[in-house]
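J.: Spelled out from the first residue to the last, the chains are:
There are 2 protein chains.
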Amino acid sequence: MRADAERSTARILEAAETVLADDPNASLERIGDAAGVARATVHRRFASRQALLKALSERLNDRYLAVIEQAKVETAPPVLALHRASEIVFDLKISHRFSITLASAPGREVQDGLDLLFTRLQEAGAIAPASPSWCRRVYLALMGEVYLLPDEAPELVEAGGRAGLLVKTVLGALGGR
Amino acid sequence: MRADAERSTARILEAAETVLADDPNASLERIGDAAGVARATVHRRFASRQALLKALSERLNDRYLAVIEQAKVETAPPVLALHRASEIVFDLKISHRFSITLASAPGREVQDGLDLLFTRLQEAGAIAPASPSWCRRVYLALMGEVYLLPDEAPELVEAGGRAGLLVKTVLGALGGR
DNA sequence: GGCATGTGAGACATCAATGACGCAGTTATT
DNA sequence: AATAACTGCGTCATTGATGTCTCACATGCC
Numbered sequence: 162m163r164a165d166a167e168r169s170t171a172r173i174l175e176a177a178e179t180v181l182a183d184d185p186n187a188s189l190e191r192i193g194d195a196a197g198v199a200r201a202t203v204h205r206r207f208a209s210r211q212a213l214l215k216a217l218s219e220r221l222n223d224r225y226l227a228v229i230e231q232a233k234v235e236t237a238p239p240v241l242a243l244h245r246a247s248e249i250v251f252d253l254k255i256s257h258r259f260s261i262t263l264a265s266a267p268g269r270e271v272q273d274g275l276d277l278l279f280t281r282l283q284e285a286g287a288i289a290p291a292s293p294s295w296c297r298r299v300y301l302a303l304m305g306e307v308y309l310l311p312d313e314a315p316e317l318v319e320a321g322g323r324a325g326l327l328v329k330t331v332l333g334a335l336g337g338r
Numbered sequence: 162m163r164a165d166a167e168r169s170t171a172r173i174l175e176a177a178e179t180v181l182a183d184d185p186n187a188s189l190e191r192i193g194d195a196a197g198v199a200r201a202t203v204h205r206r207f208a209s210r211q212a213l214l215k216a217l218s219e220r221l222n223d224r225y226l227a228v229i230e231q232a233k234v235e236t237a238p239p240v241l242a243l244h245r246a247s248e249i250v251f252d253l254k255i256s257h258r259f260s261i262t263l264a265s266a267p268g269r270e271v272q273d274g275l276d277l278l279f280t281r282l283q284e285a286g287a288i289a290p291a292s293p294s295w296c297r298r299v300y301l302a303l304m305g306e307v308y309l310l311p312d313e314a315p316e317l318v319e320a321g322g323r324a325g326l327l328v329k330t331v332l333g334a335l336g337g338r
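Protein chains in written order, with the working numbering: chain A, 162 to 338; chain B, 162 to 338.
No lab work stands behind these hints: they were computed from the structure. All values reported here derive from a predicted model rather than from experimental measurement. Treat the hints with caution; some may be incorrect.
Identical copies look the same in the list; a pair holds intra-copy or inter-copy alike.
Straight-line Cα separation of at most 25 Å, DMTMM-like style, residue types lysine to aspartate or glutamate; simulated pairs [said to hold, decoys possible]:
#1 K329 / D276
#2 K215 / D183
#3 K329 / E190
#4 K215 / D184
#5 K254 / E175
#6 K215 / E235
#7 K329 / E284
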């Protein structure tokens with residue numbers, strides 16, 4: 162594969178991420194336009210719309226996996242890990258509307274990472290006992306809300322930034338003291 | 162309008178609610194089938210797909226408005242009102258996936274009702290100071306999660322039922338003691 | 001420089017959803 | 001019972017998205 166083509170693929174994925182976030186039913190043509198590429202090229206790089214979506218969700222999954230690693234979910238103090246993970250995710254500027262709603266649930270590995278994180282939070286007494294899946298869902302849901310906050314209420318993100326707000330809110334929701 | 166037609170309209174709206182919750186892009190034919198009605202009839206009652214969606218969101222809005230009234234948001238102790246409102250909404254068995262995600266944001270009046278509720282919660286010290294819109298979003302997001310919980314974790318809904326879980330979680334999230 | 005690969009533009013076939021009719025048969029209303 | 005309103009079914013036109021293909025041109029690579 163020529164370096165050229167590689168770049169196209171990347172730009173298409175990039176564009177797909179933002180365009181599909183805005184409208185999950187956007188046509189491949191719109192995605193192509195956003196990527197600065199002809200519709201035909203989208204088809205060349207991805208055999209079908211479905212293939213594109215699949216590649217997209219894999220890409221997102223990889224990124225999330227990297228986040229979990231960078232946040233040192235397994236070793237760092239869990240509250241800190243939660244904060245770092247949130248921070249990194251926000252920095253990715255990923256459109257979570259898509260990644261959470263559309264690209265289906267996070268992959269097994271990401272789920273396991275989150276489950277571990279919440280188990281450790283629980284052991285540390287930062288949250289009350291609860292099923293990891295419940296914790297995960299609350300976390301992701303609140304992340305979605307915090308993510309698209311700034312548009313209408315920048316003043317809310319006072320002290321700790323968006324990550325701070327998210328951590329505070331999640332811990333509260335899950336019964337932390 | 163004949164009583165007959167009225168019933169059709171109602172059945173179509175009903176069906177649309179559940180079908181669109183499952184797949185927001187479901188065709189009018191699927192909706193018609195679910196309503197036990199021919200596709201043509203859907204078109205007869207609703208000039209266009211858009212018209213159907215509009216009618217649907219108005220219908221939902223009306224229901225929510227009724228909930229706010231029944232919960233005595235203006236007069237009852239706010240925590241109690243929150244609990245009752247949650248309870249009633251869950252009883253409506255409305256598909257919130259649709260009502261929240263698709264039917265756009267709740268109407269002005271519903272928003273105002275919720276804002277009042279959260280303002281009162283704040284005055285009562287049940288939650289920390291925060292913009293009403295933030296409270297609203299957190300509440301709706303968590304409601305969505307609680308709503309589709311039972312499928313995978315019925316044990317979570319212990320003491321106070323789903324409404325109890327929701328209230329506990331929301332108050333915690335918003336900094337209640 | 002020359003070859004292989006990638007690309008844009010356009011044409012084309014396909015398919016599903018939408019929306020509009022007409023007609024024959026049913027049902028509510030009076 | 002007579003009438004007006006509904007409905008199911010089938011037909012048709014239209015539209016937008018998808019996917020495939022070809023051809024001329026460009027661009028990366030050896």
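J.: Tell me, please, which holds for K215 and E235 at an alpha-carbon limit of 25 Å: within, between, both or neither?
T.: This pair counts as neither: shortest intra-copy Cα distance 28 Å, inter-copy 48 Å.
J.: Are the CA atoms of K254 and E175 at most 25 Å apart within a copy, between copies, both, or neither?
T.: within (11 Å within a copy, 38 Å between copies)
J.: Is it within, between, both, or neither for K329 and E190, if the alpha carbons may be no more than 25 Å apart?
T.: neither (41 Å within a copy, 46 Å between copies)
J.: Using 25 Å as the alpha carbon limit, work out where K215 and D184 are close: within a copy, between copies, both or neither.
T.: both (17 Å within a copy, 19 Å between copies)
J.: At most 25 Å between alpha carbons: which applies to K215 and D183, within, between, both or neither?
T.: both (18 Å within a copy, 20 Å between copies)
J.: At most 25 Å between CA atoms: does that hold for K329 and D276 within a copy, between copies, both, or neither?
T.: Answer is both; intra-copy 18 Å and inter-copy 21 Å each pass.
J.: When no copy is named, should K329 and E284 be tagged within, between, both, or neither for a Cα gap of at most 25 Å?
T.: Both, since 18 Å and 21 Å are each at most 25 Å.
Violated hints, listed in ascending order, are 3 and 6; each of the other numbered hints is respected by the structure.
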